[in-house]
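**Student:** Sequence:
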Amino acid sequence: MAHKKRIVVVGGSAAGPKAAARARRLDNDAEITIIQKEADLSMASCGYPYYVGGFFDDRNMLISTPAGVVRDSKFFLNAKGIEARTETEATAIDRKARTVTCRHLRTGETSTLTYDKLILCTGSVPVIPPFPGRDLEGITTLNSLKDADFLRSVCDERKIKKAVIIGGGLIGIETCEALQLAGIDITVIELLPQLLTFLDCELAALVENHIRQKGANVITGNGLAEFLGENGRLTAVKLQNGTELPCELAVVAIGVRPNVKLAQEAGLRIGELKGLVVNEHMRTSDPDIYAAGDCVESRSRITGRPVYSPMGDLANLQGRVAGENAVLGDTAAFPGILQTGICKIFEYTAGTTGLSEAAARRQGITDIETVINASPDKPVFMDAKLVVSKMIVEKSSGRLLGYQAVGPGDVCRTVTAASMALTGGMTVDDLLSLDFPYAPPFNAAIDHFIATAHIMQNKLKGRMLGVSAREVHERVQGGDRPFLLDARGPDEYESARLGIGETLIPLGALRQRLNELPADKDKEIVCYCKISLRGYEAATVLRANGWRNAKVMEGGIAAWPYPREK
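For the record, in the sequence shown the residue sitting at position 112 is 112 according to this note's numbering, with numbers rising by one throughout.
Don't read these hints as lab results, they were simulated from the structure. You may find that some hints are simply not true.
[As the list claims (entries may be wrong)] Derived EDC-like pairs: lysine to aspartate or glutamate, alpha-carbon spacing no greater than 20 angstroms straight-line:
id	residue 1	residue 2
1	K146	E230
2	K161	D149
3	K214	E347
4	K162	E230
5	K161	E137
[Said to hold, decoys possible] Restraint ranges, calculated between C-beta atoms of paired labels, are given here:
id	residue 1	residue 2	range
6	E87	M420	36 to 44 angstroms
7	Y493	I128	46 to 54 angstroms
8	L514	C412	37 to 45 angstroms
9	L77	R269	29 to 37 angstroms
10	G242	M420	42 to 50 angstroms
11	G242	G364	35 to 43 angstroms
12	G364	A67	30 to 38 angstroms
These numbers come from a predicted model, not from an experiment. Backbone N, C-alpha and C define an ideal beta-carbon position, used for all residues, glycine too.
Turn these sequences into a full structure, and let the hints guide you.
**Tutor:** Shown next as structure tokens:
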């Protein structure tokens with residue numbers, strides 16, 4: 001009788017079950033076992049903030065199939081022929097004997113499993129620095145279903161009045177919304193100068209403004225120093241500048257790190273980002289051990305460098321590759337990642353793919369050009385909503401390097417388009433005439449992503465001199481004031497304006513009022529309107545009439561994240 005392949009999977013959240021299921025579909029006879037430390041299996045952890053926030057009430061939806069069947073041990077055994085041992089911890093790997101030692105967390109009983117192929121999907125652990133007072137009651141993370149259950153009970157009971165979120169990343173911002181929907185007074189604390197560091201500062205500031213408009217407080221550039229409490233319970237947090245914020249709940253969301261203790265003790269190679277090193281086949285430094293998900297380092301498809309990106313979709317994709325290769329040998333490959341991500345912030349969405357400008361410069365990439373575009377996601381007569389995006393390209397070749405977008409409009413669609421363009425190594429010229437679907441209920445005649453490419457082409461060819469809102473604000477604040485030309489109509493100006501010393505000359509009157517502009521044809525003139533379409537046209541009029549330094553404030557008033565008069 002042929003030997004049945006024995007496959008052991010350590011980890012039962014996202015990558016592990018996907019790897020096990022893929023292996024089963026390719027080998028119906030293999031003996032497949034999942035070792036899962038938690039009581040639950042195959043949890044949709046990215047859904048935790050939405051369960052906490054009451055977007056749905058049935059907890060089982062986080063651990064169920066699309067058909068509504070709970071993915072528990074019985075399901076894996078009956079539906080897939082996979083043994084899933086929950087509440088069981090893998091404590092040691094003997095690579096020479098090819099065994100995994102396990103311990104049941106409730107009974108303490110130990111056992112040893114023999115494997116032909118081992119797949120490590122041990123995930124990540126939350127980063128919780130040793131702040132004084134961290135053992136007080138009322139401090140939590142949102143890393144497990146148990147955490148989600150606790151925070152959902154907090155929201156349902158409505159006893160807690162004030163909470164702080166430590167960390168302004170994806171989980172922190174999503175948790176902010178979830179708790180505020182329960183009527184809790186929220187303060188988000190971020191040590192860095194901005195929230196959502198996958199965005200460049202101009203777009204991150206728009207997100208921060210939106211969060212403030214929804215009633216939450218945001219503190220940036222100031223970190224946590226200490227948890228304060230009485231009788232063992234949290235009463236306040238103390239910040240690094242000495243400020244004390246009363247609160248009854250603190251959610252620590254400052255990031256996660258790869259959970260590689262088991263792998264490290266087994267002598268597997270760990271990378272510079274402290275994650276397991278795997279090749280394109282998801283194989284570790286041991287040819288009989290694969291790994292996938294939050295415990296591994298990935299490779300950037302743009303730079304080729306190691307990156308750490310603990311995302312649920314990537315865990316599933318990597319798990320599929322690992323499961324296939326554990327059965328068939330190294331026939332499947334995972335080509336790397338773009339670090340694409342997206343999150344919901346009340347009525348706003350923020351998304352990114354590829355490199356931000358800041359990330360590119362940190363990695364020594366300086367041959368770049370950027371452009372910001374603000375425009376509606378569909379025709380105005382179809383309830384259009386605004387999207388503000390930023391495109392980053394390699395200046396010499398026009399190759400797309402990154403793209404990010406925020407706003408109440410369809411950010412997901414435009415970031416998805418950019419992700420596909422990055423995957424294909426496309427240049428700006430390739431993007432100019434993409435054949436996207438168009439009908440007024442769904443899209444503008446010129447899609448937002450394509451329009452951004454059009455603006456970038458104008459900039460690369462010198463047909464437009466662009467300047468960001470950040471650069472304009474810095475010059476105004478620093479006293480190096482350009483001549484500011486608002487090209488909108490008087491009614492628009494009265495309803496909303498920057499109030500930074502601008503001059504109103506409507507585009508339709510500009511050719512007749514050129515005498516009101518600076519006589520010095522080298523004077524910097526910054527033109528703008530609501531989204532700077534008229535601003536661009538105004539700049540072309542000025543340049544045609546001899547002004548050599550007429551610029552466009554990219555994104556217009558819609559992309560201005562600073563205080564304004566109206």
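**Student:** Next step is simple, just say for each hint if it's right about the structure.
**Tutor:** The hints, checked one at a time:
1. K146 - E230: Outside the cut-off at roughly 25 angstroms; violated.
2. K161 - D149: holds, 18 angstroms
3. K214 - E347: holds, 9 angstroms
4. K162 - E230: holds, 16 angstroms
5. K161 - E137: Distance ~15 angstroms between K161 and E137 Cα, so the pair holds.
6. E87 - M420: 36 to 44 angstroms: holds, 42 angstroms
7. Y493 - I128: 46 to 54 angstroms: For I128 against Y493, whose Cβ atoms are near 51 angstroms apart, the range 46 to 54 angstroms holds.
8. L514 - C412: 37 to 45 angstroms: Distance hint for L514, C412 holds at roughly 44 angstroms.
9. L77 - R269: 29 to 37 angstroms: Holds, since L77 and R269 (Cβ atoms, about 34 angstroms apart) stay within the stated range.
10. G242 - M420: 42 to 50 angstroms: holds, 49 angstroms
11. G242 - G364: 35 to 43 angstroms: holds, 38 angstroms
12. G364 - A67: 30 to 38 angstroms: violated, 50 angstroms
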